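*Asks:* Chain A is already provided as a structure; the job is to place chain B on it using the hints.
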Amino acid sequence: MADLDVPPQVPQSKTRDLDKLLLRHGNLVDPGFFPGPDLRDDIRDYVRILVVGAGGLGCELLKDLALSGFRNLDVIDMDRIEVTNLNRQFLFRLEDVGKPKAEVAAKRVMERVSGVEIVPHFSRIEDKEIEFYSDFNIIALGLDSIEARKYINGVACGFLEYNEDDTPKRETIKPMVDGGTEGFKGHARVILPGVTPCFECTIYLFPPQVKFPLCTLAETPRNAAHCIEYAHLIQWEAVHHGKTFDPDEPEHMKWVYDEAIRRAELFGIPGVTYSLTQGVVKNIIPAIASTNAIISAACALETLKIVSACSKTLVNYLTYNGGEGLYTEVTKFERDTDCLVCGPGILIELDTSVTLSKFIEMLEDHPKLLLSKASVKHGENTLYMQAPPVLEEFHRPKLSKPLYDLMGRVQKDTIHVFGTALKNNEKESCSTKVRVVFKGADGVTDMDTAIGA
Amino acid sequence: MQPIKRSRKHVEEEPTMAEPKIKYDRQLRIWGEVGQAALEEASICLLNCGPTGSEALKNLVLGGVGCITIVDGSTVQIGDLGNNFMVDAKSVGQSKAKSVCAFLQELNDSVNARFIEENPDTLITTNPSFFSQFTLVIATQLVEDSMVKLDRICREANVKLVLVRSYGLAGFVRISVKEHPIIDSKPDHFLDDLRLNNPWPELKSFVETIDLNVSEPPAAHKHIPYVVILVKMAEEWALSHSGNLPSTREEKKEFKDLVKSKMISTDEDNYKEAIEAAFKVFAPRGISSEVQKLINDSCAEANSNSSAFWVMVAALKEFVLNEGDGEAPLEGSIPDMTSSTEHYINLQKIYLAKAEADFLAMEERVKNILKKIGRDPNSISKPTIKSFCKNARKLKLCRYRMVEDEFSNPSVTEIQKYLADEDYSGAMGFYILLRAADRFAANYNKFPGQFDGGMDEDISRLKTTALSLLTDLGCNGAVLPDDLINEMCRFGASEIHVVSAFVGGIASQEVIKLVTKQFVPMLGTYIFNGIDHKSQLLKL
Numbered sequence: 001m002a003d004l005d006v007p008p009q010v011p012q013s014k015t016r017d018l019d020k021l022l023l024r025h026g027n028l029v030d031p032g033f034f035p036g037p038d039l040r041d042d043i044r045d046y047v048r049i050l051v052v053g054a055g056g057l058g059c060e061l062l063k064d065l066a067l068s069g070f071r072n073l074d075v076i077d078m079d080r081i082e083v084t085n086l087n088r089q090f091l092f093r094l095e096d097v098g099k100p101k102a103e104v105a106a107k108r109v110m111e112r113v114s115g116v117e118i119v120p121h122f123s124r125i126e127d128k129e130i131e132f133y134s135d136f137n138i139i140a141l142g143l144d145s146i147e148a149r150k151y152i153n154g155v156a157c158g159f160l161e162y163n164e165d166d167t168p169k170r171e172t173i174k175p176m177v178d179g180g181t182e183g184f185k186g187h188a189r190v191i192l193p194g195v196t197p198c199f200e201c202t203i204y205l206f207p208p209q210v211k212f213p214l215c216t217l218a219e220t221p222r223n224a225a226h227c228i229e230y231a232h233l234i235q236w237e238a239v240h241h242g243k244t245f246d247p248d249e250p251e252h253m254k255w256v257y258d259e260a261i262r263r264a265e266l267f268g269i270p271g272v273t274y275s276l277t278q279g280v281v282k283n284i285i286p287a288i289a290s291t292n293a294i295i296s297a298a299c300a301l302e303t304l305k306i307v308s309a310c311s312k313t314l315v316n317y318l319t320y321n322g323g324e325g326l327y328t329e330v331t332k333f334e335r336d337t338d339c340l341v342c343g344p345g346i347l348i349e350l351d352t353s354v355t356l357s358k359f360i361e362m363l364e365d366h367p368k369l370l371l372s373k374a375s376v377k378h379g380e381n382t383l384y385m386q387a388p389p390v391l392e393e394f395h396r397p398k399l400s401k402p403l404y405d406l407m408g409r410v411q412k413d414t415i416h417v418f419g420t421a422l423k424n425n426e427k428e429s430c431s432t433k434v435r436v437v438f439k440g441a442d443g444v445t446d447m448d449t450a451i452g453a
Numbered sequence: 001m002q003p004i005k006r007s008r009k010h011v012e013e014e015p016t017m018a019e020p021k022i023k024y025d026r027q028l029r030i031w032g033e034v035g036q037a038a039l040e041e042a043s044i045c046l047l048n049c050g051p052t053g054s055e056a057l058k059n060l061v062l063g064g065v066g067c068i069t070i071v072d073g074s075t076v077q078i079g080d081l082g083n084n085f086m087v088d089a090k091s092v093g094q095s096k097a098k099s100v101c102a103f104l105q106e107l108n109d110s111v112n113a114r115f116i117e118e119n120p121d122t123l124i125t126t127n128p129s130f131f132s133q134f135t136l137v138i139a140t141q142l143v144e145d146s147m148v149k150l151d152r153i154c155r156e157a158n159v160k161l162v163l164v165r166s167y168g169l170a171g172f173v174r175i176s177v178k179e180h181p182i183i184d185s186k187p188d189h190f191l192d193d194l195r196l197n198n199p200w201p202e203l204k205s206f207v208e209t210i211d212l213n214v215s216e217p218p219a220a221h222k223h224i225p226y227v228v229i230l231v232k233m234a235e236e237w238a239l240s241h242s243g244n245l246p247s248t249r250e251e252k253k254e255f256k257d258l259v260k261s262k263m264i265s266t267d268e269d270n271y272k273e274a275i276e277a278a279f280k281v282f283a284p285r286g287i288s289s290e291v292q293k294l295i296n297d298s299c300a301e302a303n304s305n306s307s308a309f310w311v312m313v314a315a316l317k318e319f320v321l322n323e324g325d326g327e328a329p330l331e332g333s334i335p336d337m338t339s340s341t342e343h344y345i346n347l348q349k350i351y352l353a354k355a356e357a358d359f360l361a362m363e364e365r366v367k368n369i370l371k372k373i374g375r376d377p378n379s380i381s382k383p384t385i386k387s388f389c390k391n392a393r394k395l396k397l398c399r400y401r402m403v404e405d406e407f408s409n410p411s412v413t414e415i416q417k418y419l420a421d422e423d424y425s426g427a428m429g430f431y432i433l434l435r436a437a438d439r440f441a442a443n444y445n446k447f448p449g450q451f452d453g454g455m456d457e458d459i460s461r462l463k464t465t466a467l468s469l470l471t472d473l474g475c476n477g478a479v480l481p482d483d484l485i486n487e488m489c490r491f492g493a494s495e496i497h498v499v500s501a502f503v504g505g506i507a508s509q510e511v512i513k514l515v516t517k518q519f520v521p522m523l524g525t526y527i528f529n530g531i532d533h534k535s536q537l538l539k540l
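Those sequence lines, one after another, are chains A and B. Here the UniProt record's numbering is used: the first residue of the first sequence is 1, the next is one more, and so on. Here the UniProt record's numbering is used: the first residue of the second sequence is 1, the next is one more, and so on.
In case anyone wonders, no lab produced these hints; they're calculated from the structure. Source: prediction; values computed, not measured. By construction, the Cβ of each residue, glycine as well, lies at the ideal position given by its N, Cα and C atoms. A hint or two may mislead.
Quick partial rundown of chain A residues pointing at chain B, CB under 10 Å, derived from the structure [unchecked claim]:
#1 Leu23
#2 Ala300
#3 Met385
#4 Pro402
#5 Lys427
Computed list of lysine to aspartate or glutamate pairs in EDC-like fashion (alpha-carbon distance at most 16 Å, straight line) [claimed, not checked]:
#6 B:Lys222 to B:Glu342
#7 A:Lys211 to A:Asp30
#8 A:Lys332 to B:Asp423
#9 A:Lys282 to A:Asp248
#10 A:Lys412 to A:Asp351
#11 A:Lys312 to B:Asp532
#12 B:Lys394 to A:Glu324
#13 A:Lys282 to A:Glu324
#14 B:Lys186 to A:Glu182
#15 A:Lys398 to A:Glu361
#16 B:Lys534 to A:Glu329
#17 B:Lys222 to A:Glu219
#18 B:Lys280 to B:Asp192
#19 A:Lys332 to B:Asp88
#20 A:Lys312 to B:Asp423
#21 B:Lys517 to B:Glu33
#22 B:Lys517 to A:Glu324
#23 A:Lys107 to A:Glu117
#24 A:Lys312 to B:Asp483
#25 B:Lys272 to B:Asp336
#26 B:Lys372 to B:Asp405
#27 A:Lys312 to A:Asp30
#28 B:Lys222 to B:Asp267
#29 B:Lys186 to A:Glu324
#30 B:Lys517 to B:Glu40
#31 A:Lys211 to B:Asp269
#32 A:Lys373 to A:Glu426
#33 A:Lys282 to A:Asp79
#34 B:Lys90 to A:Asp79
#35 A:Lys211 to B:Asp336
#36 A:Lys185 to B:Asp188
#37 A:Lys107 to B:Asp88
Pulled out of the complex, with its shape left as it was, chain A reads as follows (with noise of 0.2 Å):
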């Protein structure tokens, strides 16, 4: 690389396996591969990706994009080192328990990739600003979540722009890569907003989570699990009055251990033990080093190839099981194209009479987003913030006033909401578009009797 100061044809050069891909032409590459130097250099000095989540796919990630030419990266995790870890974060030792992921992950990456900088964040991904994601190229998804997925998912469409043929404008996609492993089993995606499904689109793939029916678990238990999540979901509440279950704190465990111990006596029900106890509490999905390492390599390739178009990219879904034999298969996937996330956005008309407070309410009843306590921008200019209570204030005025001239009295506009919605009976936080059309504002003259209607 550049610090070594020679150039990439000298035999001793850090970049002689990847130059093979980057410096030579190429007969089966994506559009746009310029092969050369600069290729190279410009991925090395200009692109930055962004790596949500420093457990086992983030550690194998960090590793794979610090050794694919990059060398600007960030790293984001609210996690700190636990035991369990070690069997496959393979970037964190006995002593780094208790630490935050983010920032060993990043310091043990730069002391063995010599040239490479990772910017770690112990932060939740929530209390970063919008902005923040805007600055990578590309971001890296090594999660366990469904719920951070979305987060991400909605951020990173929300970006998105459409032309006024509802194709979406290039300099505005922000790609994605995103892995996922239980067990033996895997997945590696592309999303280009846009262009390729985003999660939402896809929101299927993921299985609902089983739930036990509180009269199992209250009058029929029939096994250890639902011993264990009696003692979990009703007796914690019913003995301790308030004080929240934490399932990091071990006697609150021992405590949901002996109880469902005592109620699988009563019922005569075998197989609770302590390992289950934990496992169903804290829904543990079982994790092993090779399979977040194929993967996570899988969605590295991929993201190399997205930045250089130094092969053929992903189209769009890698699905990977070990468990029986090996089994790959490629799945194009295809878009909703009334996806609220990553689609042109809900269209909403208006009068250009509605306020902003009138607005708000009216996202509330929406059929298509029932979304409550939203916060609203147009652009970069913030319309309105919930909280924290010094901004609420500082926007609060704006409540009385016309969308339509907050919003620079424009025809129509896309604008991004961002507030709680109710699920399947669970809220949950939700970012969407909405393109606001104004009637009858299209022209100057219709502007005023629309507005003294």
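*Replies:* Frame of chain A; chain B shown alone:
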């Protein structure tokens, strides 16, 4: 181990849970303590520790494999810093095996890690007996000639072998073991062993004690487990259909309607489950064709050399013909279903008791067979026989051709079929080109495209080499796309880190399956296609 500093809050502790057990918790939930013990007893040898080998071994060290031995005679070059995480700038010029070994050891101090500074190709030629000390050898980045020689050595010494290659955006993984029987194959989806259409007397009499028309207490009707409902309905059906079960689509629908007609209100989950599970009644009685094939295998005639697995298969064969009455031993577990606690627990006990009885019969047969072939009747442990019985319907057997056989005499019809199939042609092409690259290297002392310049000549030479290889294999007239040949030359024998991590990761996953004897290892030759991910397992 180092002194443990831990912040109390972030450690899942249980007074009785030892540190390693916590560390391995997420994998113990997959392969259990038996699988973990097998890993910890295994001694793995790695040949060549470039990124492919380093990554494969990394995943095994993290999982707690017992012992690793790294064989590599090369020193760390600056180029290695760009594709291998297990070397660093300070190790340039030093032994690569030493550097990789030290960095791997950091990942898990309970692993016994050592290294040998020697060229694997030399070792294969000069010291074949070296390999017999290992459970398994992972051989990376070997050329064809060395792979063939090593395979012969490992077969002879009964050492499992996994071959891995990373080459540009292409890759190769191949297992070579004479025979790999699996008792605990852990399939994703498998029909429960409920015997709804073939109940044994105890199950039958339990079912008879329950009245489907019960009305008191009001909850009783919706707390009858579906097993009871379906056993009753199957019996009722058979009575009116001269002993037959529903077989045609119409009959199956009729059967489901019959079940539905017994519902007294629409919120009865147990009846909904019964309708959903009706297909379990329609499933054929007796053992599957796969188990049939196993007990028909010539190895199922036990002799003094038979492995424990085959002795148990011989016992299974007798069991099916005698007390099994056409069935394998009962698995003994039942899925969760809507039921009163009492009915469910009773049902559970009935299934468990039958499984225990079947196990005792099997154990007796195993002992008799062992006696007959002159071995200690107690030489196969109770837990092993128990596990065999529990998994009798899920037994798997993997046999692998010798690498030499496949290389010199692959199935021509398969090759032609693969080349013509859009989903397989890329992988098949890479298979041929990977082998052609080795021939090329033997002829020209470099890999195609290994050095800059002379690319056009390398492309045409590789093409000629590939076509002559195809001819040698008996595929006259077969062609490979020029684009693929070009790409192969572009790759120039590079080891791209992510490709190495991918195929190395697959290799480690296969090693885990082979060592723990759980799950089912891949059968065939796996070709990684990093261009469009149409990777395939080729059965050649």
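*Asks:* Flag every earlier hint the structure violates by its number, smallest first.
*Replies:* Numbers 3, 4, 5, 7, 13, 19, 26 and 34, in rising order.
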